[in-house]
Each structure stands twice: as structure tokens, then as C-alpha cells.
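Student: Chains A and B, in that order, are what the protein sequence lines are.
The numbering of the first sequence is the numbering used here, which starts it at 1 and goes up by one.
The numbering of the second sequence is the numbering used here, which starts it at 423 and goes up by one.
Think of the hints as simulated: they come from the structure by calculation, not from any bench.
Check the hints yourself; a few may be wrong.
Said to hold, decoys possible - Partial list, computed: chain A residues near chain B (C-beta under 10 angstroms):
id: 1; residue: R104
id: 2; residue: A106
id: 3; residue: L108
id: 4; residue: F110
id: 5; residue: S135
id: 6; residue: G310
id: 7; residue: T324
id: 8; residue: N338
id: 9; residue: Y389
id: 10; residue: G422
We put the CB at the ideal spot given by N, CA and C, even for glycine.
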Amino acid sequence: MTPEQALRWLETKGCEGEVYELKQRSYGIEIKRGEVELVEAGEQHGFAIRVLLAHRMGFAYGNELTQELLDKALSVARVSPRDEHLAFAGEQSYPSVRGIYDSRLASLSFDELEDKLEAMLAPAQSLGVEVTQVSIAWEVSEERMFNSHGVEVSEEGTEIYAHLSAVAKRGDDVATGLYFDASRSFNLDFEAVGETASRLAKESLGAQRLETGDYAVVLRPMAMAELVENVLIPAFSADNVQRGRSRLAGMLDEQVFGEELSVVDDATLEAGLESSRFDGEGTACRSKALVEKGVLRGYLYDIYTARKDGVESTGNAFRSGFSTLPRIDASNFIIQGNGGLDEDEALVVHGLIGAHTANPVTGDFSVETRNAFYGGSPVRKAILAGNVYDLLSSVSGFGRDVTQISGVVTPSVGFSNVRVVG
Amino acid sequence: MLREVRELLELPARFVDITLHDVESTSILMKDGSAKEIATGRSFGISVRVLDRGWGFAYASSAGELKDAAERALRGARLAKERVELADVKATRDKVEAIAKLHPSRATFEEKLDYLFRAHDVAKSYKSVVSTSFAYNDASVKIIYLNSEGAEVEMRYPRVAFYAQIFAKEGAKIQFASERVGATSGLEALVNVEEVAKEACEKAQRLLYARAPPSGEFTVVIDPKLTGVFIHEALGHAVEADHVVQGESILAGKLGQSIASELVTIYDDPTLKQGFGSYFYDSEGVKAQKKAVVEHGVLRSYLHSRETAAKLGQEPTGNARAQGYNFPPMPRMSNTYLARGDASFEELIEDVKQGVYLLGSRGGEVDTARGVFQFSAEEGYLIEKGEVTTPVRDVALSGETLEILRRVDAVSKNWGVHIGYCGKNGQLVAVGDGGPAIRTVATVGGTQ
Chain A
1 MTPEQALRWL ETKGCEGEVY ELKQRSYGIE IKRGEVELVE AGEQHGFAIR VLLAHRMGFA
61 YGNELTQELL DKALSVARVS PRDEHLAFAG EQSYPSVRGI YDSRLASLSF DELEDKLEAM
121 LAPAQSLGVE VTQVSIAWEV SEERMFNSHG VEVSEEGTEI YAHLSAVAKR GDDVATGLYF
181 DASRSFNLDF EAVGETASRL AKESLGAQRL ETGDYAVVLR PMAMAELVEN VLIPAFSADN
241 VQRGRSRLAG MLDEQVFGEE LSVVDDATLE AGLESSRFDG EGTACRSKAL VEKGVLRGYL
301 YDIYTARKDG VESTGNAFRS GFSTLPRIDA SNFIIQGNGG LDEDEALVVH GLIGAHTANP
361 VTGDFSVETR NAFYGGSPVR KAILAGNVYD LLSSVSGFGR DVTQISGVVT PSVGFSNVRV
421 VG
Chain B
423 MLREVRELLE LPARFVDITL HDVESTSILM KDGSAKEIAT GRSFGISVRV LDRGWGFAYA
483 SSAGELKDAA ERALRGARLA KERVELADVK ATRDKVEAIA KLHPSRATFE EKLDYLFRAH
543 DVAKSYKSVV STSFAYNDAS VKIIYLNSEG AEVEMRYPRV AFYAQIFAKE GAKIQFASER
603 VGATSGLEAL VNVEEVAKEA CEKAQRLLYA RAPPSGEFTV VIDPKLTGVF IHEALGHAVE
663 ADHVVQGESI LAGKLGQSIA SELVTIYDDP TLKQGFGSYF YDSEGVKAQK KAVVEHGVLR
723 SYLHSRETAA KLGQEPTGNA RAQGYNFPPM PRMSNTYLAR GDASFEELIE DVKQGVYLLG
783 SRGGEVDTAR GVFQFSAEEG YLIEKGEVTT PVRDVALSGE TLEILRRVDA VSKNWGVHIG
843 YCGKNGQLVA VGDGGPAIRT VATVGGTQ
């Protein structure tokens, strides 16, 4: 059946409904060692239904939109708790978001990647390091949302991703480097991915242990993004705030970080990796200030948590496929601050190992470093231990190298006093 | 449909395999006593691999697109340039089904919800508990694997899991703790959800009174849960043979060599009864088998797909796994555990002058090429003069594979395997990790 038919049938049952449809084509190539070993081309198509029956929500998913799917969603609604705050999006206008669909990427052929691959592999060769893994993957997706309140909106998006891992060896000494980048269009700098990973591996040879102590630390965008994603973003979720699981609960309009730091969540960012016109509930996406000069200005909401707080949804309910419910998450989470970065006497850290094990509630973290350098010399093993809230209150400077890593847009950020366990 | 699949196995290529996945699942998330998010559905998909020189891989989410997917895979295979060989295996024809006393497909939503209500009732009695999440997940999996060598394997199994996440508060202090239980089986694996909830509540409460850990190198005693994650990170990933082939494993070229203390024997065992990472056949139709990865400190085997086994001239081990139809298989762990020893827990502790005893896991990560890994404990205690003393929290450990495995100097009798999900190259698969409590030396990443 069509989404319109599904909604009409649900109406006859006294039910509000919402239909989400996802069509996706995915492509990829993988090199393990040597030449291209695997070429992938996949297609996926699925539907998710949400229904509201007397303030009870039901959800079901499947590959096709069928009567069975609607029945399943209704049967879920019947056993679900009644909650007056549950609601679907009303009819509204959507922003236009630029740079999220590239027709060239949508019709890209594998041949067009040959010289890109060469560009990725060349730096390793000239630097004398071994490439251990390369992958390029791209995706063309189409999302459509319909609901009983007249929401009818769709979007096409493209994204390409490139990754390279390299190993440098000298005698028994082994060093690794990895880097990845993604873009909504085919303008991705493939050579830079190969160059960065290879250089990191090579420069990390001859690493020495660092003495335990308190150091000035600079987190490069990739390390910064790993920490922010795992420890900081959950604290802005209104769901966590309302349930007392966030350090930022009850802190609105208070100074929570140093005043040199601001944070914006902007789903309308041109060419942003997480940019979109509408979220997984059909709410229009927008930009919102979360932290202004260290002062907390807002949280990330979906419709349910917004109604609980008597505010509007911020359009931050996102779906990760058709088989899961929309969940609150950041879109493009942008860390802002200006200048003052001094790297001379700092431990410069490119990546982290184990950032997902940090404590998202208290902000406490203790993570191993990847490609860390002190005074320009590579460091063998160093754990960074501390608390994200203390860290973000002691920012010593921001670099000019603003980069988007997954959902986080950030420059290198310097911190004055971090425990390093060597 | 199977007839069409069999016809496509005749594509002009060196090897073709086709897998049909049909998964029905239900998940329920109860937030603070209210079953907020109930989702149910079914996802069907087909994956096709074609081997010409290298691999072409394609998938589709409807039966009508099977032929189209096969053609895409064939075109892909012709583009791949790296020569891939496959180790020989017996082409099996089999039909297997896991025994489930209470199959999730036969249970009602109300019965499934009941596990969560029971858990919530336990949590309610704790004053300091301010927020709870309990989750129930089940999947009824049907996989049919066929290849051009004549293999035809049908597998059906359910998998269930229950998660508890508890937040406790005292004054301005807030801490959380998690517990989980699950199995490749029916709902009978969830009989003790009350105990699981209780353990999570007590742990969250204990953490309120724990302080930040010390930093530096310490003798550490780790409980079975953490031993499982330690083995998984310190050793397991480095014996996945794709890492070995790609030149990114610290254990490359070390088969037959001593890499760990004599007390260390490690198995990877997908045949473990009800294990969360158990399976009958891997994603290439190779029969699951228990194998010793390390025996008394000596490295005995890597974990192989047919491709990596051929590349290294070794026997296939049945460790090729794919997350679902939309992912190609690669070497993965199943249930990986350290064999038990003969020490009592007291013996592990009694001669430690200054150390840390660590329990529970919050996961870990490894750089296999350098053999540097990190893993995190949920809670811990200082060990002073042979006694367990002050509680500590947020304790992360790091170490180097070859060093830390050699320094294992005591292995206890108590033993358990726990459930987990392992992520690798964007694919998540269910695994079991386990072992006894052990003693070794690691870097403790505290703030003091």
C-alpha cells in the first residue's frame, strides 16, 4: 500500500500515524593489501510505522508497507503506556539545506575512483610506510516522511567516506597511523587522507615513554571529536537532562564552561555530514546555540521531551535506519573558539583508544592515546585522565584547523592541565 | 525462491555464495518504570558474493531483486584485482535449529514486558536509585547459506538479551552502573533478571562512595567479566587473521611461539552452549569449532575466514562472520575465554602489597599492529598489604599485549562468560567474553 493509504486506514481506526521510508544504495571498495580485493554494491529499502492510539505509541518496521505492518504497530500501541506528551509533528515549512546531495556522487562509477585510489596510496609509497587497509564507501539515500497531520516531506542525500590505515616499521619498532574523511560530495580530498595516515605512522616511529605528570595537552580534531561524541553530547540530550542523567541538568543560563568556548548544533550547515531539512519525526531542522561564551543556552529536544518541558522540538530526533525509533542526538555539533593555541610545550594527541568507555554522566574519562607527540617527539603510551567539564573550563586555545569528524565540527583545542599517565 | 538461488550459483565465476537472512525482532526499552519504546519488525535480505579474481559483494532487501544483486556482485568481482584463494572445506548440507524452551516468537508482548517490570520492582526498593533503564531485545534468526561448491545450510536460532542501567544519586554525586545477561537461546536465559537488576543497583550505589583511582603501573587483579574483555582486546583482535594478513597484528609470525605466561590458555568457542557469540556454521558455511588460540602460553591458532586460511596456508577455523545481509563476512571472535586455573581468589590477593582489584567492564579498544590496548572497569578497590580496601571508580587500564600476557602470574578457579557486542570495521556482532579472575601488571589511568 502507499503511505497515504496506510494513513487513511489508520484514521479509520481512530489512530494518528506516521510513515518513514528509507531507500539506500551503498557502494564500496576495499583494499587489504595490494590491490582492490572487494567491490560492493548494495540496495536497501524499508519502512517504519509509528501510530498513536489514544496517547499510546506503537512502532513496527519491515521491508514493505503492508497491512501486517500496520497491525503490528497497533498491537504494540495497545500494550504501550498512555502518555499525553506523545505527539507527531504538525504541518510546517522546512529550510533548504545546501550541499547535501551531489548528482555526481549519485551516479559515480567505480572507474572514477581509480585515480583517487592512486592519490591515496601514493604518499605511503613516498614515505616508505605500508598500507594495511584502504576503503572508500559511498551512499545515496532517499528518505520520505508522511503523517496524519499533513507532513509530507522528502530528501535525497549523498555521502562518501575514505579511510586509510598504515604501518611504519623500523627494526622491531612498529608505528601505526589511520585517518578518514567524509563528504557529502565527490570533492573529498583523498590524497590528504592517505597523506595524513601515512605521515602519522612514519612520524610515530621511535616513540618513547612519557613520565607521568600534569601536562598541557592539545587534542587534534579527531581526538576532540571522539571525546565530545562519547562524553559531552549525551549531556545535552533533553531525555538525559529530564531523567537526571546529565551534569547539565538545571544549569540553563549558568556558566558551565570557560567563556572562550561556544557550542552550536546546526543541522542546516551547508554540506554538513549530519545536515538535513527535517529530523526523524518530520520536525524542521535548524541551528541552535547550546553554549554561548561558556554559558549553557539550551538542550537537544525531540517532540516528546519538548512537550514535557513546554518548549518546541529542536528537530534533533534522528533515525539510524528504518528498524529503530528516532532518538535524540546532535546533528552537526560545532565547537567554536578563537586562537591562542600554543603547541610548543604540549602533548599533541591525534586520536584516542577507548573513548567510548568514558563516563557520560560524570564526564570522567581515562583513555589511551593514538599518535601522541611531545615537543615534536612521538610518545609510546600515554593515558589521558580527567573530567570533560574541568577540561572545557580550562581551554587554553583553539587551532585554525576546523574539521568535521562524523557529527563533530571542531578545531584542535588546547587544555592547560591534564593528567597524563605514561 | 531457493530454485532461483541455486540457478544463480552457476554464474560464470570461480565461486559464488548466496545467503538469505530473515530476522524478526522485538525490543523494549523501559525508562524509569514506563515501557516507553517498544519496537517490533522483520527484516529480510539477500547477500551475494562472487569470486572472480577478487570479491564482488552485493545485497538487496527484497526477493525480487535477487537476480539484480547477483549481477551487481558479478560486475564487482570483475573489477576487483587482488587474487583471492579460498581454503578447502567440506561442502555441508545441513539444517539446524537451536533448542529454545520458550521461543521469543511464541511469547506475547506482555510476557516480554514482564521481565522489565520485575526488574523495575527490584530497583524501586533502592532509595538512592534516581533513574533506571531496562531493555529487552530478542531476535529470531533464520539464515540459509548456499554456495557453488554444493553447501546448503539452514540455521534457525533465537537470541535474547536483557540490559539494566541504573543511576544512583547522593547529594550532588551521581553514578551509573550496568549489568546484562543474554544467550543464543529462548527466554529461559532471562530467569534471573531480578538478580541482574539488584546487582546493577548495588553497584551504582557502591560507586557513589568510590573515589578516583591512582595512576601508574600496578599489580592488578581483575574479575571474570573484566578478564573476558581483557582477553578480547589484548589478544583476540590480534589473532583475527585478516589483521595478520594485512600486516597489522603484533602476533603475525608468532604461531608456535610463547607469547604469554604458561598459565594462559585461551579458547575461541562458538559451540559453547547458549553462548551469546555461539553459532552452528559461520557466514561461509564452515562448521563452528572450539579451538585453542593459546595453549600454556604458546600461540596455537589464528581466527580464520576461508580466504585468510588460504593466504596463510592454514586450516580454516570457521570464524567468518557478518553482522547481517548488508555486510561481507570477515574473521571475528565468537565466545573467547581464558581457561580456569587453580588459585583461590584469596590467593590472588594475599601477597599483593599494593595493587588494584577491578570488576566489571565498560568495554575497550586495541591498536592491533602496536599491540597497545585500553579497557575500562566499572568499579574497583585498592589492594593494600593483601587486603581489599578503598573503593575506586572510572578505572581504565592500558597495556601492551606481549608484556601484559607474560605477566599473568595467577589464575583463579572461579569462571564465567559474559555477553557483549564487538565492533570492527563498522560491523557489530554478538560475542561472549570470559575467564577466571587473574592477576597481572598494567598501567592504571587514574587522576591521582
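Student: Evaluate each hint against the coordinates.
Tutor: Evaluation of the provided hints:
Interface restraint check: R104(A) against chain B, minimum CB-CB distance 19 angstroms, threshold 10 angstroms, status violated. With 10 angstroms as the threshold, the beta carbon of A106(A) stays out of range of chain B, its nearest partner Cβ sitting at about 16 angstroms, so the hint is violated. Taken as an interface hint, L108(A) does not check out: its beta carbon lies about 13 angstroms from the nearest beta carbon of chain B, beyond 10 angstroms. Using the Cβ-Cβ criterion of 10 angstroms, the hint placing F110(A) at the interface with chain B is satisfied: the shortest such distance is roughly 5 angstroms.
Below 10 angstroms, beta-carbon pairs count as interface contacts, and S135(A) has one with chain B at about 8 angstroms; its hint therefore holds. Residue-level restraint check for G310(A) is violated (minimum Cβ-Cβ distance to chain B is 19 angstroms; threshold 10 angstroms). Against a cut-off of 10 angstroms between C-beta atoms, the interface hint on T324(A) holds, since the closest Cβ of chain B lies about 7 angstroms away. Taking 10 angstroms as the C-beta cut-off, the interface hint given for N338(A) is violated, the closest approach to chain B being about 29 angstroms.
Nearest Cβ of chain B to the Cβ of Y389(A): about 13 angstroms, over the 10 angstroms cut. The hint is violated. Interface hint status for G422(A): upheld, as the beta-carbon distance to the closest one in chain B is roughly 8 angstroms, under 10 angstroms.
Against the hints set out earlier in the document, violations occur for numbers 1, 2, 3, 6, 8 and 9.
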